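In order, the protein sequences belong to chains A and B.
Quick note on the working numbering: the first sequence kicks off at 109 and runs consecutively.
Quick note on the working numbering: the second sequence kicks off at 109 and runs consecutively.
Because the hints were derived from the structure by calculation, they are not lab data.
These numbers come from a predicted model, not from an experiment.
Any given hint could be a false lead.
Where chains are identical, the list cannot tell them apart; a pair therefore holds if satisfied intra-copy or between any two copies.
Keeping only pairs whose Cα atoms sit at most 30 Å apart, straight-line, the calculated DSBU-like set for lysine-lysine is [as the list claims (entries may be wrong)]:
1. 366 - 141
2. 201 - 181
3. 237 - 223
Listed below are the residues making up each chain.
Number of protein chains: 2
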Amino acid sequence: MSDLPKHVDIHEEGPREGFQIEPGPISTADKVKLIEALAETGLHHIQACSFVNPRLVPGWADAEAVVESFTAKPGIHYTGLYFNGNGLDRAQKYQDKLTLTGSISLTASEGFTKKNLNRTHAENVEAMKRQSALHVARGIPVNRVGVMAAFGCNYQGDISPAQVISTLEDGMRIAEETGAEITYFSLADTMGWAAPHRMERMLGEVRSRWPEMKISLHLHDTRGLAVANAHAALKMGVAQFDSTVGGLGGCPFAGQPKAAGNICTEELVLLCEEMGIETGVDLDALIEVGRMAEDIVGHQLPSELIHAGSLDAFRRKAAH
Amino acid sequence: MSDLPKHVDIHEEGPREGFQIEPGPISTADKVKLIEALAETGLHHIQACSFVNPRLVPGWADAEAVVESFTAKPGIHYTGLYFNGNGLDRAQKYQDKLTLTGSISLTASEGFTKKNLNRTHAENVEAMKRQSALHVARGIPVNRVGVMAAFGCNYQGDISPAQVISTLEDGMRIAEETGAEITYFSLADTMGWAAPHRMERMLGEVRSRWPEMKISLHLHDTRGLAVANAHAALKMGVAQFDSTVGGLGGCPFAGQPKAAGNICTEELVLLCEEMGIETGVDLDALIEVGRMAEDIVGHQLPSELIHAGSLDAFRRKAAH
Numbered sequence: 109m110s111d112l113p114k115h116v117d118i119h120e121e122g123p124r125e126g127f128q129i130e131p132g133p134i135s136t137a138d139k140v141k142l143i144e145a146l147a148e149t150g151l152h153h154i155q156a157c158s159f160v161n162p163r164l165v166p167g168w169a170d171a172e173a174v175v176e177s178f179t180a181k182p183g184i185h186y187t188g189l190y191f192n193g194n195g196l197d198r199a200q201k202y203q204d205k206l207t208l209t210g211s212i213s214l215t216a217s218e219g220f221t222k223k224n225l226n227r228t229h230a231e232n233v234e235a236m237k238r239q240s241a242l243h244v245a246r247g248i249p250v251n252r253v254g255v256m257a258a259f260g261c262n263y264q265g266d267i268s269p270a271q272v273i274s275t276l277e278d279g280m281r282i283a284e285e286t287g288a289e290i291t292y293f294s295l296a297d298t299m300g301w302a303a304p305h306r307m308e309r310m311l312g313e314v315r316s317r318w319p320e321m322k323i324s325l326h327l328h329d330t331r332g333l334a335v336a337n338a339h340a341a342l343k344m345g346v347a348q349f350d351s352t353v354g355g356l357g358g359c360p361f362a363g364q365p366k367a368a369g370n371i372c373t374e375e376l377v378l379l380c381e382e383m384g385i386e387t388g389v390d391l392d393a394l395i396e397v398g399r400m401a402e403d404i405v406g407h408q409l410p411s412e413l414i415h416a417g418s419l420d421a422f423r424r425k426a427a428h
Numbered sequence: 109m110s111d112l113p114k115h116v117d118i119h120e121e122g123p124r125e126g127f128q129i130e131p132g133p134i135s136t137a138d139k140v141k142l143i144e145a146l147a148e149t150g151l152h153h154i155q156a157c158s159f160v161n162p163r164l165v166p167g168w169a170d171a172e173a174v175v176e177s178f179t180a181k182p183g184i185h186y187t188g189l190y191f192n193g194n195g196l197d198r199a200q201k202y203q204d205k206l207t208l209t210g211s212i213s214l215t216a217s218e219g220f221t222k223k224n225l226n227r228t229h230a231e232n233v234e235a236m237k238r239q240s241a242l243h244v245a246r247g248i249p250v251n252r253v254g255v256m257a258a259f260g261c262n263y264q265g266d267i268s269p270a271q272v273i274s275t276l277e278d279g280m281r282i283a284e285e286t287g288a289e290i291t292y293f294s295l296a297d298t299m300g301w302a303a304p305h306r307m308e309r310m311l312g313e314v315r316s317r318w319p320e321m322k323i324s325l326h327l328h329d330t331r332g333l334a335v336a337n338a339h340a341a342l343k344m345g346v347a348q349f350d351s352t353v354g355g356l357g358g359c360p361f362a363g364q365p366k367a368a369g370n371i372c373t374e375e376l377v378l379l380c381e382e383m384g385i386e387t388g389v390d391l392d393a394l395i396e397v398g399r400m401a402e403d404i405v406g407h408q409l410p411s412e413l414i415h416a417g418s419l420d421a422f423r424r425k426a427a428h
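Pulled out of the complex, with its shape left as it was, chain A reads as follows (with noise of 0.2 Å):
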């Protein structure tokens, strides 16, 4: 218990990961209505839109468009998620509104990296050497290392830590020959495979192996274990998040169409104040974007808090 973090950094993707896969359209007015709505629920990082290739992911083809509406809260960090350095050109237009920080992105299952990005792991290696030396020629910091499919592999099956230890070491060795300093690991879930036992011994082996490195984790609910991997996680320590409002998102893997999305960000936030950890985000008002989520994508969401209510809206009624 004694590992328990005091506070708890949630990483917003709901308008990201979200608006990527939902058959749509949705309007440009909603996605900036979204990501204003979330920048008052006392989130301080929202990933608010995609800077790829529009033909690949035509629900960002307004990205440009996003991010000149909407209204900057000050003290929030908004990002948004590139491959490349064409990418990166874009994100770089809007540097004053946007908080641009680099990542070395890996994929610990090589089957993935082939299907998902058409490269081998080595040349994925190389491409993120020049990702990186492109950042930090530009004066942008590269902060993370990112392994996906970092727990299993619709394609691959599961992965071994020893696996993400290599991988990571690869990222490392990216950074120490770009020049980037590393200030975090980020694992990502991407298909749905972490389950509590083997989420305690990942961390455990990737600690041992760095023992001063921040971890982040990013959770995919596609079997309903999402939360419980949060808890396990928490309990080892683990203080930073990636997760979507309402469950925004999906599994775009392996003809999964009806599967779930990300953790939901409610619903960890809820976990995480039942625990008695600091998120700083106003759960209410959370619940109510999550609900405004809902109507925007025009079907029912995964969540399950948003459809019930919080407890302290229950508690409040019940002390009347």
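Starting from the structure of chain A, add chain B where the hints point.
Chain B alone, transformed into the frame defined by chain A:
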């Protein structure tokens, strides 16, 4: 970790919990089909119907027809829910097919007892005394003290371990006075108030008071924390759970029409299996039954796993 059970007993309540709340109508034939399919998955306890007042629960007006129609599989305990002598009379007609055991069922929240049963707690204690005595007189074992709303209540707010212990003490007094031999406690999170830390505290305090008593959990996923709560309980050695296939059921209390139902059986099985705990259940077969349940009720069920498929199915594919 040493408290982790080797085996978990799952009591499937999907037919009873699900069909009592679905707007329906669900045909008797479909109910029978689901019960018979569940029996092929390796589950050993199936709550097949509810002998309650058909005016209050029209979805179970055909309880007798269902019990008469399904083919019982040897080795499986089929049960029916009932709350009073009239219900017991109805269930006893099928004592060759149903496993009859009595329960002393109390509620930790006076507010909920009034709303749900239109009784005070004291009146409920008297009713349970009569109920237990009736079972004992008929030679039906009463082996369970159940506490509803054990983790919180929409009408009363948080419920303390002291309140649950006091309710269990009332139950044990009833057992003693009526000659019932209690072998386990069932704690129900009827309205989805539990969270992992409070779960640990509750289990710890109940176990301090009755170190030898087995504890079973009946969890609802109303706010998305059910699997995390199960994880916390498994780590404290809890080895018996109620659950519903597909997450059938819902929350008929306090205006939550879209709220989720019980913890999903298949997500509980996945959690156990990935933690190395046996359940005896064939997860892929159970996922197929979850999909059947979704077809029967005609709308998407809360289970994420039935939409994503099991890990083992992907492991097998990846190995080829």
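Hints, one by one, checked against the model:
1. 366 - 141: Both: 26 Å inside a chain and 25 Å across chains, each within 30 Å.
2. 201 - 181: within (19 Å within a copy, 68 Å between copies)
3. 237 - 223: So residue 237 and residue 223 pass the 30 Å test inside one copy only (21 Å; across, 64 Å).
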